[in-house]
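Peer 1: As they're listed, the protein sequences go chains P, V and A.
Letter by letter, the first sequence follows residues 1 to 143 of this note's numbering.
Letter by letter, the second sequence follows residues 144 to 480 of this note's numbering.
Letter by letter, the third sequence follows residues 481 to 806 of this note's numbering.
Hints in this document: simulated from the structure, not taken from any laboratory.
Hints may contain errors.
What the hints assert, rightly or not - DMTMM-like mimics (lysine to aspartate or glutamate), calculated; alpha carbons at most 20 Å apart, straight line:
1) A:K506 - V:E398
2) A:K680 - P:D72
3) V:K414 - A:E546
4) A:K506 - A:D484
5) A:K797 - P:D72
6) A:K617 - A:E661
7) V:K345 - A:D484
8) A:K695 - V:D409
9) A:K560 - A:D599
10) V:K259 - V:E245
11) V:K477 - V:D446
12) A:K679 - P:E91
13) P:K122 - A:D585
14) P:K115 - A:D484
15) A:K695 - V:E207
16) A:K778 - P:E91
17) V:K414 - A:D713
18) V:K246 - V:D449
19) V:K335 - V:D325
20) A:K606 - A:E630
21) P:K115 - A:E802
22) A:K778 - P:E94
23) A:K797 - P:E77
24) A:K778 - A:D803
25) V:K153 - V:D325
26) A:K797 - P:E94
27) A:K488 - A:D521
28) V:K321 - V:E302
29) A:K679 - P:E94
30) V:K153 - V:E322
31) V:K335 - V:E302
32) V:K151 - V:E273
33) A:K695 - V:D172
34) A:K680 - P:E91
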Amino acid sequence: MSDNYEPNIVAFLCNWCSYAGADLAGTSRMQYPANIQIIRVMCSGRVNPLFVMNALQQGADGVLISGCHIGDCHYMEGNFYARRRLGMLKELMEFIGVDSRRFHMSWVSASEGHKWKEVVEKTVEDAREAGPYEGFRRRRIDW
Amino acid sequence: MSAMLLNKEKWPDFIGKLADKKLWVPQADGDAMRFAPIAEGAALPLEFSNTRVPPKQVVFPQTETLYRFQLGQEEMEQPQLEEEILLLGVRPCDARAMEIVEKLFRWDVDDPYYLKRRALTTVVGLACNEPCVNCFCPSVGGGPASTEGLDLLMIDLGEKYLLEPVTAKGVDLLAAVKEFLDEAGTDAVKQKEQVISASMQKIKRSVDTEGIPKGLPGLWEDSLWQRVSASCLGCGTCTYLCPTCHCFDIQDETEGFEARRCRMWDSCMFKEYTLHTSGHNTRPTRRERTRNRINHKYSYYVDKFDVIACVGCGRCINLCPVNIDIIEVLRQVKEAL
Amino acid sequence: MEMDQLRKTAAEIVSRDDVKYLIGWKQGTFGYRIAPSFVEDASGAAELLFSPLCTANLATYLRLVETLPVPRGQEADTRKVALMVKGCDSRAVAQLVVEKGISRDQVVVIGCPCPGVVDVALLARKYPETEIPAELKWNGSGFTLVRSGEEIKLAREEVLAEKCRLCRYPNPVISDIMLGEQVIPWEPSADSGVAEVEKKDYAGRWAYWEDQFSKCVRCYSCRNVCPLCYCQDCILDRLNPTWVNRAVNFSENTAFHIARAFHLVGRCIECGECERVCPANIPLGRLNRKLAREVRDKYGFEPGADPEAEPFQASYKPDDPEDFIL
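Sequences and hints are given; from them, build the entire structure.
Peer 2: Below you can see the structure in the form of structure tokens.
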């Protein structure tokens with residue numbers, strides 16, 4: 001692995017908590033790694049496990065999903081479903097051989113700019129350790 | 144060049160000499176066999192009836208890029224097909240299937256991809272000593288030592304292979320390795336006849352195809368289609384593993400700004416196969432799809448190319464998860480005629 | 481179970497006014513094959529049988545049936561379907577009821593307590609199939625194979641299907657009519673093949689599955705045979721958006737298998753059909769069993785065990801495990 005390797009992370013953030021939390025981290029001028037590409041979704045419960053699979057196929061080295069804390073979901077129970085589903089997705093991915101450091105999930109509220117910073121740092125560091133992910137990429141268009 | 148003998152001990156040398164081509168040989172994969180490219184020197188497995196996926200995958204790959212391009216650009220790049228392929232251990236039925244399918248790829252418009260690959264491929268057959276339980280090749284015009292579609296036929300005589308060239312390519316191939324070969328005498332030919340007739344004895348199942356190609360269209364609304372398709376799952380096993388099935392779908396795929404147009408096997412047993420953009424499906428249920436599969440093989444293809452598009456390899460019977468048996472279906476067709 | 485009793489009961493059921501047809505097993509056309517049979521009248525019941533060769537899970541046909549739109553002025557046929565089930569198959573029916581894939585009163589479930597079926601491929605390896613259909617019977621401790629007049633005794637372990645070694649539900653969990661005596665459940669084997677993969681590291685597991693998924697020809701027989709894969713519009717068939725490209729290569733095959741396995745989380749009833757029908761011999765059962773085990777151990781959920789349950793992926797508990805959350 002080369003020293004200047006920068007992992008590519010796709011993050012799915014819920015509109016009501018984590019996205020606002022990330023926004024807060026920004027407006028508070030907190031420094032965190034710029035390896036995260038954020039995709040805003042309405043709720044962590046909206047994250048289809050296939051999003052994760054597709055992100056990895058299209059060149060992500062890691063995926064982060066973040067939503068409201070349990071009990072705080074804007075839609076009352078969306079994150080309960082997400083927890084069940086994505087927990088099982090993580091089991092499946094690990095069983096197939098996807099390094100557990102490539103897939104993280106967190107609860108970050110709108111007021112937790114500092115926590116967002118920590119989560120991103122941890123995610124990026126883990127993905128950096130795991131290295132570039134070529135295994136699952138759509139094969140470069142060749143013959 | 145006449146028939147030659149190759150001692151099995153010399154097999155590695157024989158293969159080594161041919162390594163300038165890309166070699167595809169059947170290889171064991173658990174219980175099943177499959178064609179795979181090999182490193183030089185690999186042995187030819189002796190006891191197998193046939194591979195699960197037919198060697199059509201070599202001349203007609205499951206996914207094949209037709210050309211590639213950059214999004215927003217006008218230039219396109221076509222594949223350079225140059226590598227010579229040597230297909231070893233092809234059963235006569237599968238070689239015959241290539242010959243049958245070629246008629247389609249030459250009809251109307253020549254298909255440059257298929258024909259180029261076919262031209263680059265030398266097919267070395269291996270006569271069947273152990274046909275499988277559902278082989279019925281003699282009923283549809285083949286046989287355990289049929290040479291149609293082959294460049295060279297090998298017959299396993301125990302300690303030796305008898306090599307019989309069929310085409311000029313086969314003669315050239317033999318000439319390239321003649322140092323390892325011995326002249327075949329009359330006993331070898333006699334032995335071959337014994338082996339083949341013993342093999343013929345082992346083929347127990349058969350189909351009487353007489354009248355079927357002409358009669359099938361008349362059974363369009365017959366109740367037999369409902370009966371035989373009731374248990375069909377609509378999967379692609381029978382068609383993907385069929386050596387003569389040749390339908391394909393064309394898709395554009397992109398990654399970033401790179402894109403390609405490619406074709407991949409398609410199956411008439413899938414409901415998407417005939418699904419129109421409007422949502423209308425001309426073959427709405429498995430009854431129509433099953434009917435089409437049988438009609439295509441035993442009637443339409445005969446009308447167009449004067450040959451049944453089934454070589455009797457038995458794969459669809461062996462591997463159908465719900466025992467839809469084409470021999471039994473044809474028996475019912477015959478009864479209904 | 482007596483075949484006469486089975487055929488008599490089946491004939492009675494299929495003669496009822498509120499039953500459209502009965503789905504059971506019949507003798508196949510060669511070797512050890514068994515074919516599904518759709519019986520529409522009492523005379524057809526004579527071909528039905530139940531033997532250790534009846535591996536197929538017929539519950540698939542409850543949702544697989546394709547119907548044309550009912551022409552104006554006619555009424556849809558709303559009669560029930562009668563279905564023969566083993567223990568594992570009955571769980572598929574129960575799970576379909578849980579998901580409201582079918583309505584319980586639309587099916588007449590004929591339960592067949594099952595002492596375990598054989599792995600036909602395993603049997604054929606020991607005693608090659610012939611063009612003449614053979615017969616296999618339970619004989620108390622194992623199986624008796626009857627072919628071309630000779631009787632061969634087989635030890636149970638020799639040819640028992642893997643799903644049956646691991647079986648915890650040999651008796652149907654739901655039924656309207658039960659045929660024969662209940663079977664005493666046996667101790668399921670501890671070796672489900674999952675541990676063999678789990679003991680590898682990530683790279684080793686990836687290499688293992690890369691090897692397996694590369695063989696896939698995408699015939700979709702695993703999806704189609706599955707009693708719980710019944711979406712009218714499967715994401716694998718979608719073109720807009722294209723979740724899984726049509727190209728057959730390792731990346732797309734892996735995406736397909738992840739999607740397939742994931743969609744069965746908390747739903748797979750471990751009937752082993754996907755593995756049985758795979759023409760490429762991919763050990764799909766290992767994926768499903770691993771996930772079923774996690775669902776059982778971590779969430780205490782057993783699909784198809786209780787027709788009154790809430791579907792696993794459409795429900796939650798406030799105290800679901802969340803040790804993986806940062």
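Peer 1: Confirm or reject each hint.
Peer 2: Against the structure, the hints:
no.: 1; hint: A:K506 - V:E398; verdict: violated (49 Å)
no.: 2; hint: A:K680 - P:D72; verdict: violated (39 Å)
no.: 3; hint: V:K414 - A:E546; verdict: holds (10 Å)
no.: 4; hint: A:K506 - A:D484; verdict: holds (14 Å)
no.: 5; hint: A:K797 - P:D72; verdict: holds (15 Å)
no.: 6; hint: A:K617 - A:E661; verdict: holds (16 Å)
no.: 7; hint: V:K345 - A:D484; verdict: violated (36 Å)
no.: 8; hint: A:K695 - V:D409; verdict: holds (17 Å)
no.: 9; hint: A:K560 - A:D599; verdict: violated (32 Å)
no.: 10; hint: V:K259 - V:E245; verdict: holds (11 Å)
no.: 11; hint: V:K477 - V:D446; verdict: holds (18 Å)
no.: 12; hint: A:K679 - P:E91; verdict: holds (14 Å)
no.: 13; hint: P:K122 - A:D585; verdict: violated (53 Å)
no.: 14; hint: P:K115 - A:D484; verdict: violated (70 Å)
no.: 15; hint: A:K695 - V:E207; verdict: holds (17 Å)
no.: 16; hint: A:K778 - P:E91; verdict: holds (11 Å)
no.: 17; hint: V:K414 - A:D713; verdict: holds (11 Å)
no.: 18; hint: V:K246 - V:D449; verdict: holds (10 Å)
no.: 19; hint: V:K335 - V:D325; verdict: holds (16 Å)
no.: 20; hint: A:K606 - A:E630; verdict: holds (15 Å)
no.: 21; hint: P:K115 - A:E802; verdict: holds (17 Å)
no.: 22; hint: A:K778 - P:E94; verdict: holds (16 Å)
no.: 23; hint: A:K797 - P:E77; verdict: holds (10 Å)
no.: 24; hint: A:K778 - A:D803; verdict: holds (11 Å)
no.: 25; hint: V:K153 - V:D325; verdict: holds (11 Å)
no.: 26; hint: A:K797 - P:E94; verdict: violated (24 Å)
no.: 27; hint: A:K488 - A:D521; verdict: holds (12 Å)
no.: 28; hint: V:K321 - V:E302; verdict: holds (18 Å)
no.: 29; hint: A:K679 - P:E94; verdict: holds (12 Å)
no.: 30; hint: V:K153 - V:E322; verdict: holds (10 Å)
no.: 31; hint: V:K335 - V:E302; verdict: holds (13 Å)
no.: 32; hint: V:K151 - V:E273; verdict: holds (18 Å)
no.: 33; hint: A:K695 - V:D172; verdict: holds (10 Å)
no.: 34; hint: A:K680 - P:E91; verdict: holds (15 Å)
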